[in-house]
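For this one, chain A is given, so just place chain B on it according to the hints.
Number of protein chains: 2
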Amino acid sequence: MAHSLKIFCCFFFFFLFSTLSIIPLSHQLEQHPLDSLTPNEFIRVQAIVNQSHPTTINDITFQYIGLNEPDKQALISWLQNHRPTPITAPPPRQAFVIARINHQTHELVVDLSYDNIVSDHIHHGFGYPLFTFQEQNRASQLVFNHAPFLAALNKRGLKVEEVICETFALGWFGETKQNGRVVKVMCYYLDGTVNLYMRPIEAITVTVDLEAMKITHFRDRLVVPVPKAAGTDYRESEQKAPFGPELKGITVVQPDGPSFIIDGSRVRWANWDFHLTFDARVGPIVSLASIYDTEKQEFRRVMYRGFVSELFVPYMDLTEEWYYRTFFDAGEYGYGLCAVPLEPLRDCPANAVYMGAFVAAQNGMPIEMPNVFCIFERNAGDVMWRHTETMIPPDLITEVRPDMSLVVRMVSTVGNYDYINDWEFKQIGSIKVTVGLTGLLEVRGSKYTHKDQIDEEVYGTLLAENTLGAYHDHFITYHLDLDVDGESNSFVKSKLETVKVTDQTSPRKSYWKVVSETAKTESDAKIKLGPDSAELLVVNPNKRTNMGNFVGYRLIPGSVASPLMTNDDYPQIRAAFTEYNVWVTPYNKSEKWAGGVYTDQSRGDDTLATWTSRNRRIENKDIVLWYTLGFHHVPYQEDFPLMPTISTGFELRPANFFEYNPVLKVKGPNNVRWPNCSVSSSGLN
Amino acid sequence: MAHSLKIFCCFFFFFLFSTLSIIPLSHQLEQHPLDSLTPNEFIRVQAIVNQSHPTTINDITFQYIGLNEPDKQALISWLQNHRPTPITAPPPRQAFVIARINHQTHELVVDLSYDNIVSDHIHHGFGYPLFTFQEQNRASQLVFNHAPFLAALNKRGLKVEEVICETFALGWFGETKQNGRVVKVMCYYLDGTVNLYMRPIEAITVTVDLEAMKITHFRDRLVVPVPKAAGTDYRESEQKAPFGPELKGITVVQPDGPSFIIDGSRVRWANWDFHLTFDARVGPIVSLASIYDTEKQEFRRVMYRGFVSELFVPYMDLTEEWYYRTFFDAGEYGYGLCAVPLEPLRDCPANAVYMGAFVAAQNGMPIEMPNVFCIFERNAGDVMWRHTETMIPPDLITEVRPDMSLVVRMVSTVGNYDYINDWEFKQIGSIKVTVGLTGLLEVRGSKYTHKDQIDEEVYGTLLAENTLGAYHDHFITYHLDLDVDGESNSFVKSKLETVKVTDQTSPRKSYWKVVSETAKTESDAKIKLGPDSAELLVVNPNKRTNMGNFVGYRLIPGSVASPLMTNDDYPQIRAAFTEYNVWVTPYNKSEKWAGGVYTDQSRGDDTLATWTSRNRRIENKDIVLWYTLGFHHVPYQEDFPLMPTISTGFELRPANFFEYNPVLKVKGPNNVRWPNCSVSSSGLN
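One line per chain: the protein sequences are A and B, in this order. Sequential numbering of the first sequence, starting at 376, is according to my numbering. Sequential numbering of the second sequence, starting at 376, is according to my numbering.
Bound-form chain A, shown alone:
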């Protein structure tokens, strides 16, 4: 999605060092090697980089600062020696920095143990780093001093003070010459609404060079009606009767408090233990997720690291101002940077606990992001397991265990779209990932006010007068570094195959059997999910259950989509990592971001697809599972002026990981009683 969030960073600046009483993620006493960078570390990184380029201090912009994760083997061996008391030093703390220094992209590793620069490499390849909020903000302000733009507004009868602009990544469409760090600026009109996205000012294209911070091109192609403001505002305060039915108060209560413990970035709940950290590019990172095996009386490893690696959002509108809208929300805009503060009692239920995080501003200084995560126990009314036995007199036997789970939520609002990211931990051993899409569509202004007027391709649904909801896709690619009971894992595709019975040995003519194939190399593990029935497993080929089954976890897909653009189309070349729903790679520390490190104007030479072309061996190795879920979004009128959430996700579920049902011995819940309560409902605000 496009966006600029120009105000947002300012908003967060107010919090800078003024609200440190909110306990940040990485503020615990004993720092863990996987913890996000602390405010102090951001400041030191900034100082070290600035000092290393002293003549150019004013020309340094920090496009990304994040933890340079320690070497995995070093971390694991440290962890194994770490408990109960640390006997070895932790791996060194390092930051990974992408900075523009004198108009070149530097990739630096800064060591925070020794306060020095370990490496400083200039990127000469294709593509540019993430945008900063500050440069997007400055770029989108330039138009207001650009006479042709003001004339264009005037021609349309629009008031300049009601115009809001934002920057859009340019993409790549086969140009051989590099464009430089250039963006397009598109504008919207408020004038009676806050829903700017429903009021696009169409057909004006402004091109801005971010390095020169100058407008390099301006075009006013034609005048298209700006859709009206009426009916677009979504604020409660602006709604008029008739209202929908009101519901009586409902809430969740935990009189004895939550059952989870947050200790710095470590979260423990029920049988789960994991770390939760935050990154400007990818948002939440769940690491070192282990589950306690009651029978074995030990924690067993499940996932070393899981996060959203990239989001690809191509629009299907080929008009001049739209064709290039093929966004990479993580690599271009920063999925973490776009996280928004969660609204208590609305974004998360009453029993939620909130956590903040820090990101670097363009000048390298830390910015606090309050309430970026919420963590809560979900009590949705579902059943974890049950049975009623009717066959044994004299009574019915009924055993039921309600389902409880732990949810970690972050919302990233990448301009118009709000993505609700849930990592859900279940007592049965599942990690369930859900993403909900809501917020505002990108709509195109149009002359049409009724479908019957349309006799050309308009690339979308007529949602309201002069308002076309453009067809588009969302592909979200997850990096899932599973370590099922240890690092050495294999990927197994258990295909369900029909067997025909032709030898009269059975009255049946057919059945299905399970044929398991272990992927030897990366090409064996590229899977487009479809009607072929198969169970997809990550197993540990070195560990077996007592019955002799390999211990494993199973990927249960939710709704999936495959790209419909042709493979030779430029956006699809850049997003070739969406071509398959499943990929498996051998662990490689540098392979984190499926669309490559430099996604802005990337050319597809550094993606999951190119990495796997080496066809490396993946059997009984430390492997990473990549999963892409997706939606093709055909807008409907219900999505106007704001979309109800639509969700999908996937589940990682134990499959012969435990010897038997791991929740068999979970006791039934206690009844929660409220004696002597006087109760009232009152307005939230």
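Think of the hints as simulated: they come from the structure by calculation, not from any bench. Keep in mind that the hints are not guaranteed to be accurate.
No copy labels: a pair is met if it fits in one copy or bridges any two.
Below, computed lysine-lysine pairings styled on DSBU-like, alpha-carbon distance capped at 30 Å [claimed, not checked]: (1) K671 - K822; (2) K903 - K888; (3) K996 - K868; (4) K875 - K901; (5) K615 - K901; (6) K918 - K903; (7) K559 - K534; (8) K895 - K447.
These figures come from a predicted structure and were not determined experimentally.
Structure of chain B alone, referenced to chain A:
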């Protein structure tokens, strides 16, 4: 699934007329024409049928008694004239009865307005009616007086008092001669567990003629070890340490009570209004579901009638005692008959309200089924819609509406398997249907105690010593008689098609567009869901939005599965309705049960597949959507001795039904406050 539920009916008998203080579904003052039969009506039906066959009273068994729904057009015109005051008489109350009278299957329509028999037809075709609990119970007791069976137990060293038997439908495997009403009886061993399903006594086959109520065949093929009892009991009272971690108390509270109103079988909540009734064969029936359109200030029709039409559960084990296990849980066993009383605070949350229902016993007398439904508002912590706007100074604009929904739940325990059926109504206009599968696997006893010993096809996973979890499928077929803003609807498949751009008019090489096809006849609407991208809609071609879009509802599939048996295999011929995930038929009152009326030993001559072979016109007609969801179930050790729930479902979601987002004007929730509470958690029991 196999089952007999021999005790269950007895259990319910205790409630017969002794607990009528529990308000049954159909006990409201003004009866609605779609209400389930009342106890009094069951009694009258019994009396009328018995009187009509006076010489044969002792030979009458009632295999099914349910409401004979009124003619749809008559009902709709009555409804249209009914409000605000009834000006016409309601359609006549009738019962549909399937009875065995003198060993013939009679299909009777009994009129309850005139207390007479409207029709009495003898079924001479293939297939037999549902089993009654009573006859299954009697059949499964016969073995205990059968010397060869007792000898077989003796040979195995098993105590007869620890043996539990149940009856299994025979299926059909190409026999040309009819077998008569015959079942197989299989037995299990308790002796230290209540989990009889984990202790099958293999290789003994007893065949019982239900009409003669005699054993007609006995075979003891070989001795297979009975799996041990240890580790199979799932009752909390029988578990031993180490236990899983305990969670602190959590509950949902609604200090002002629920927001829904139940008036007889009518349920109103938020913008929804529907009827909820119960049927012995299919369980819950949701009818006359309408949604209030705040803008139009009127209720608009969505679904005339929706229910589970059939369940098909074929096992993939071809051994002599297993090959025929290809169950039709609704048509053979009664999905409603197998409903179990819901356990408050465990099967449903603290804010649930419970409802009972009635079914007919074999003698035609009503049996009350208490707590067969629960209804509750779900407060799962999800977000209905949200947006944070960062672009407009000086503050962030954040608007969030938490998601609330209304859930109607029934659990049907068809022998070993527990199906959790949810019909969920959402304020956004969606009807979301979920089915959760839990309970006990059917396992086969085996000599194997480790996977490495196995070098033959065993048709399943070795779950524990001597215990093979058989591969099987679950297909659940829903009858969804949508009436989107009226009866005349069309089925539209909007395909997303790639368009290649070769004329240099765009820097892009491709995009996708939407190509909508309206199904003219039934064959156009048979769809195997797969990777082809399409939106599936039921639209009203006579109603358009202000923008000119046809008003519609969209089917959003969840996980689907297609049959893997060959189409010419006998069980698949009987279950040909599972061949496609989606079918559309013109409304026909008699086409309710996708597997045919007489499913026991059916031959596939009366299924959804045969009905549609007429290829009737379905465009702009009163149409019915049939949707089949499914699982291929490969058991894992976590499913032993009891399976954690695995769920899937689908959503019916408004698609250009409303002019704009129907929950835009839903106000944010009130904060629920609890002043002056003293709080404690205490044991449930």
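The hints, checked one at a time:
1. In this assembly of identical chains, K671 and K822 lie within 30 Å of each other by CA distance solely across copies; the values are 26 Å between and 68 Å within a copy.
2. In this assembly of identical chains, the alpha carbons of K903 and K888 lie at most 30 Å apart whether taken from the same copy (21 Å) or from different copies (21 Å).
3. Taking the shortest Cα distances, K996 and K868 sit within 30 Å of each other inside one copy (16 Å), while across copies they are farther apart (45 Å).
4. Taking the shortest alpha-carbon separations for K875 and K901, both the intra-copy value of 28 Å and the inter-copy value of 25 Å come in at or below 30 Å.
5. Neither within a single protomer nor between protomers do K615 and K901 lie at most 30 Å apart by alpha-carbon distance, with minima of 52 Å and 45 Å respectively.
6. Taking the shortest alpha-carbon separations for K918 and K903, only the intra-copy value of 29 Å comes in at or below 30 Å, while the best inter-copy value is 39 Å.
7. When the C-alpha separation of K559 and K534 is checked against a cutoff of 30 Å, the pair qualifies only within one copy, where the shortest distance is 21 Å, while the shortest distance between copies is 82 Å.
8. Taking CA atoms no more than 30 Å apart as the test, K895 paired with K447 passes inside one copy only; the shortest distance there is 23 Å, against 60 Å between copies.
The structure does not agree with numbered hint 5 stated previously, though it agrees with all others.
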